Amino acid sequence: MRLKAILTFSAIGLLVGAALILYINITASKSFSVDGLVLNEADPINGSYVYLAAGCNSCHISEEDPKKGYLAGGQKFETNFGTFVAPNISNSNLYGIGNWDFKDFYGAVKLGQNPEGNHYFPAFPFTSYSRMTDQDVADLWGFWQTLPSVDLPSGKHEVSFPFNIRRNLGIWKTLYLQDSFMDEKNDRATYLVEALGHCAECHTPRDAIGGLKSSQWMHGAKNPSGKGTVPSIHPKDLGWSREEIVEYLSSGFTPNFDVVGGAMASVIENTSKLELSDRILISDYLLRLGDK
Amino acid sequence: MFKKINLKRFVLTFALLALSATILLAHSGTKDPLVIKRMELMTSMAENTKVLGQMMKKKIAFDSELATRALREIAKLSKATPAAFKVAASDPKSEAKSIIWDEFDYFTDLAVQLGDSATSTTIKNYEELRPALMKVAAGCKACHSKYRE
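Residue numbers (our numbering), protein chains in the order written: chain L, 550 to 841; chain H, 6 to 154.
In isolation and in its complexed conformation, chain H is listed as follows (with noise of 0.2 Å):
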């Protein structure tokens, strides 16, 4: 125990010596108001698919109309992803990872695959909400795990 916490010192001296080089970014809190409409448009997403989320876990009760509604706005939603992305715009606040405008096609493929998605699925009864949430989801994390920090 003696040896390990002398040589850790050790090591964290020469370690901390190494990288006092490193400079530290600080992320400024600026506010580009691309980025601010697109934070928006994802957000509305999330509230729409909460109103299904919480349907689903009887916090509010099974509407069908209600149900549809969300998944309508998120289908359209999800149409005006890549208009709300077109331009690329960076921000220290925004998750979004620069890859998108590299790969701009398929990122607009993803989109308007979800949109499809929730255009086509009905959801009539409390049976039919896990499946349609996790199509939702499915076409969330499908493009979040490659284009969101």
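Chain L on its own, in the form it takes in the complex (with noise of 0.2 Å):
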């Protein structure tokens, strides 16, 4: 009898102690280097452009920082989640990330973390951002160095338990941080929504704890915030023209000519200032979904 309950406790414990391990080694950063990466010299004005297709900007201008624009953050983002703030990521030293390198700035864009090794809630689209190429980071980081500092403290999250456990966001990542494209075409029209314009990333509805659904892809979603919803851009949905799309990217006219309006306005602020080659990059990957 005394043997039995031995063993029994010996098999419960060794079960913990799996998972405990199990759950270390999922939920831990990773750790990398960016030393063997085969980069030219970062290009600025590459970055420039990166920095636009990316969108950096419309989530983290600040309404409170008096130059507009300069990445100081604050705006708030409320999901079932929680409400998430955006924080400051301009070159300030005290509040920003005016003390990071290249390899810091890596790990944030390419693999969702802090230079602490904590893990970045997805409302940071890093799982988009993971897909852009290593010399279009660089070239972004070299972009960065061009912009000023603003002194204005990061908000704080307010997410709830459990969800405000960054360690438990490895387990998220395991399930939905890949390198892989959705579009089996991989050319630059993939590259242009799916890594750079992050559209998936509102456009698409997501599961009960916030990944993406992919058989879902670009059907529309709710809207975080609980009103209303982000419409699908899915062309058996929008029924637009390659012509209207490109329209619509670049001046943000809808065909009925309503004009653009919320989180999408600043996004087409942006698209606006691409080439129209990419623009109609953009369109053609769109209406390429309604061919599966």
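Hints listed in this document are in silico derivations from the structure and should not be mistaken for laboratory results.
Possibly wrong hints are sitting among the right ones.
[To be verified] With a straight-line Cα cutoff of 30 Å, these simulated DSS-like cross-link-like pairs (lysine-lysine) come out: (1) L/K776 x H/K64; (2) L/K822 x H/K63; (3) H/K36 x L/K776; (4) H/K55 x L/K785; (5) L/K771 x H/K55; (6) H/K102 x L/K771; (7) L/K705 x H/K102; (8) L/K762 x H/K55; (9) H/K64 x L/K822; (10) L/K625 x H/K151; (11) L/K776 x H/K84; (12) L/K822 x H/K129; (13) L/K822 x H/K151; (14) L/K625 x H/K98; (15) H/K98 x L/K776; (16) L/K762 x H/K98; (17) H/K91 x L/K625; (18) H/K55 x L/K776; (19) H/K129 x L/K771; (20) H/K151 x L/K771; (21) H/K62 x H/K84; (22) L/K785 x H/K84; (23) H/K64 x L/K785; (24) H/K42 x L/K771; (25) L/K776 x H/K102; (26) H/K129 x H/K64; (27) H/K102 x H/K151; (28) H/K62 x H/K129; (29) H/K36 x L/K822; (30) H/K63 x L/K785; (31) L/K705 x H/K151; (32) H/K102 x L/K625; (33) L/K771 x H/K98; (34) H/K151 x L/K776; (35) H/K98 x L/K785; (36) L/K776 x H/K42; (37) H/K62 x L/K822; (38) H/K140 x H/K62; (39) L/K822 x H/K140; (40) L/K822 x H/K55.
Just so it is clear, the structure is predicted and the values come from calculations on it, not from any experiment.
Starting from two chains that each stand alone, build the complex the way the hints lay out.
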């Protein structure tokens, strides 16, 4: 009888230990190096283009920043998991990322983790940015060095338990962070939409723990704030022509000449400054979603 | 792959349980007359913008007089916008953000600016259409980006 109890407790102990080891492994941040990356010298001009296409300012622009547009953060994003506050990512040494080096930046953009090894919440769309080329990340970092610093403190996220435990995001990343693209063509159009533009982050519905439902890619989603919806941009729902999508990305006019609003307005502000050829590619990507 | 699927199922179940207390509010279809009036005003604005847009796309023939009339109508509607929004009315169907009534002076400024811009713009030939339309778009966007869902 006693032997049976000892064996039972030992088995439970082993299971708990194994589960703990598994948890620690899965939830740990990634150790990585940028030394082995094959990179050309950073090109800030291309970096400024990547900055536009990736829409960094759309979320990190600050209303309180008197200069406007310099990534001081502060915008709030209400979700089912709590309210996320875009942090100051300007070059401020005190409040921003002025003390970072390229490795820190690379870890944030490509791996979704901060220099201390803590996971970012996926309100920051690193699942899309992780598909960015190393050279574009380097060029973006080169451009970043030309941006001013804004000394405004970041706000605190208001995320409820258990979602506030950053370590658990390691599990989330195991499930959802991947390098591969959804679109098999994997061309510049794919890159613009899936990596830089991160369109799916808003236009694809999410499951109960915030992962994108890939089976409903670009089919629209509930607005995370709880009010209304983010429209489907799948061609079967959208029904716009190539010319009409390009016009929307250029001026914000829908085919009915309604004008873009809400969060999409700043996206259009950025896409309107991209090369026309890239706006056409984005349009082509969306239209070919209907081929599947 | 095997490990991932099991893990996903586990985390999903956990999250579903954690979120089970979340109350989903179903939007009812209430129809506030004030909101309807606002929506009609915005629709009229879009219809007049569409006249300019269709001319630009050459779906209708260029007509300087018609284009100018559409612009003046946009100006009139813009200047009527603050009055239409003066009373804070909300409706599930409405896309207006409540911040409008926190920042009503600025909201008014933006509407007046669009009105002034549309009043001072002229369209004498086809080449002047797109720049005029872009000015209207900029005015609409300035307001929509801040005050529309």
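Cross-check of the supplied hints:
With a C-alpha separation of about 36 Å, the suggested pair L/K776 and H/K64 falls outside the 30 Å cut-off, and the hint is violated. Restraint check for L/K822 and H/K63: satisfied, since their Cα atoms lie roughly 25 Å apart, inside the 30 Å limit. For the suggested pair H/K36 and L/K776, the alpha carbons sit about 17 Å apart, so the restraint of at most 30 Å is met. Between H/K55 and L/K785, the direct Cα distance comes to roughly 24 Å. Compliance with the 30 Å bound is thereby established for this hinted pair.
Distance check on the hinted pair: L/K771 and H/K55 sit about 29 Å apart at the alpha-carbon level, within 30 Å; holds. Restraint check for H/K102 and L/K771: satisfied, since their Cα atoms lie roughly 17 Å apart, inside the 30 Å limit. A distance of roughly 24 Å separates the Cα atoms of L/K705 and H/K102; the hinted pair therefore holds under the 30 Å criterion. For the proposed pair L/K762 and H/K55, the alpha carbon gap of about 36 Å is over 30 Å, so the pair is violated.
Annotation: proposed proximity of H/K64 to L/K822 holds, straight-line Cα distance about 26 Å (limit 30 Å). A hinted pair counts as satisfied when its Cα atoms are at most 30 Å apart, and L/K625 with H/K151 qualifies at roughly 13 Å. The suggested pairing of L/K776 with H/K84 holds, with an alpha-carbon distance near 28 Å, which does not exceed 30 Å. Distance hint between L/K822 and H/K129 is fulfilled; the C-alpha atoms sit about 28 Å from each other, no more than 30 Å.
As the CA atoms of L/K822 and H/K151 are separated by approximately 20 Å, the hinted pair is consistent with the 30 Å bound. In summary, the hint linking L/K625 to H/K98 is supported, as the alpha carbons are separated by about 23 Å, within the 30 Å threshold. Restraint check for H/K98 and L/K776: satisfied, since their Cα atoms lie roughly 10 Å apart, inside the 30 Å limit. Using a Cα cut-off of 30 Å, the hinted pair L/K762 and H/K98 holds, with the two alpha carbons roughly 26 Å apart.
Under the criterion of a C-alpha separation no larger than 30 Å, the hint pairing H/K91 with L/K625 is consistent with the structure, at around 26 Å. For the hint pairing H/K55 with L/K776, the CA-to-CA distance comes to about 28 Å; that is within 30 Å, so the pair holds. Annotation: proposed proximity of H/K129 to L/K771 is violated, straight-line Cα distance about 45 Å (limit 30 Å). With a C-alpha separation of about 20 Å, the suggested pairing of H/K151 with L/K771 holds against the 30 Å cut-off.
In summary, the hint linking H/K62 to H/K84 is supported, as the alpha carbons are separated by about 27 Å, within the 30 Å threshold. The hinted pair formed by L/K785 and H/K84 fails the criterion: a straight-line CA distance of about 38 Å is larger than 30 Å. Note on H/K64 and L/K785: the hinted pairing holds, with a Cα-Cα distance of about 24 Å set against a maximum of 30 Å. Between H/K42 and L/K771 the alpha-carbon distance is near 27 Å, which keeps this suggested pair within the 30 Å criterion.
A hinted pair counts as satisfied when its Cα atoms are at most 30 Å apart, and L/K776 with H/K102 qualifies at roughly 10 Å. Taking the CA atoms of H/K129 and H/K64, the gap is near 18 Å; set against the 30 Å cutoff, the hint holds. This hinted pair checks out: H/K102 and H/K151 have alpha carbons roughly 8 Å apart, not beyond 30 Å. For the given pair, H/K62 sits about 17 Å from H/K129 by alpha-carbon distance, which is consistent with the 30 Å threshold.
A distance of roughly 39 Å separates the Cα atoms of H/K36 and L/K822; the hinted pair therefore is violated under the 30 Å criterion. The suggested pairing of H/K63 with L/K785 holds, with an alpha-carbon distance near 26 Å, which does not exceed 30 Å. Between the alpha carbons of L/K705 and H/K151 the distance comes to roughly 23 Å, so the proposed pair stays at or under 30 Å and holds. Between H/K102 and L/K625 the CA atoms are separated by roughly 14 Å; this keeps the pair inside 30 Å, and the hint holds.
Between L/K771 and H/K98, the direct Cα distance comes to roughly 15 Å. Compliance with the 30 Å bound is thereby established for this hinted pair. At roughly 15 Å between alpha-carbon atoms, H/K151 and L/K776 fall within 30 Å of each other, so this suggested pair holds. A hinted pair counts as satisfied when its Cα atoms are at most 30 Å apart, and H/K98 with L/K785 qualifies at roughly 24 Å. Of the pairs offered as hints, the one joining L/K776 and H/K42 holds, with about 21 Å between alpha carbons and a cut-off of 30 Å not exceeded.
A C-alpha spacing of about 21 Å is found between H/K62 and L/K822, which places the hinted pair at or below 30 Å, so the restraint holds. A distance of roughly 17 Å separates the Cα atoms of H/K140 and H/K62; the hinted pair therefore holds under the 30 Å criterion. Restraint check for L/K822 and H/K140: satisfied, since their Cα atoms lie roughly 16 Å apart, inside the 30 Å limit. Annotation: proposed proximity of L/K822 to H/K55 holds, straight-line Cα distance about 23 Å (limit 30 Å).
Violated hints for the displayed structure, listed by number in ascending order: 1, 8, 19, 22, 29.
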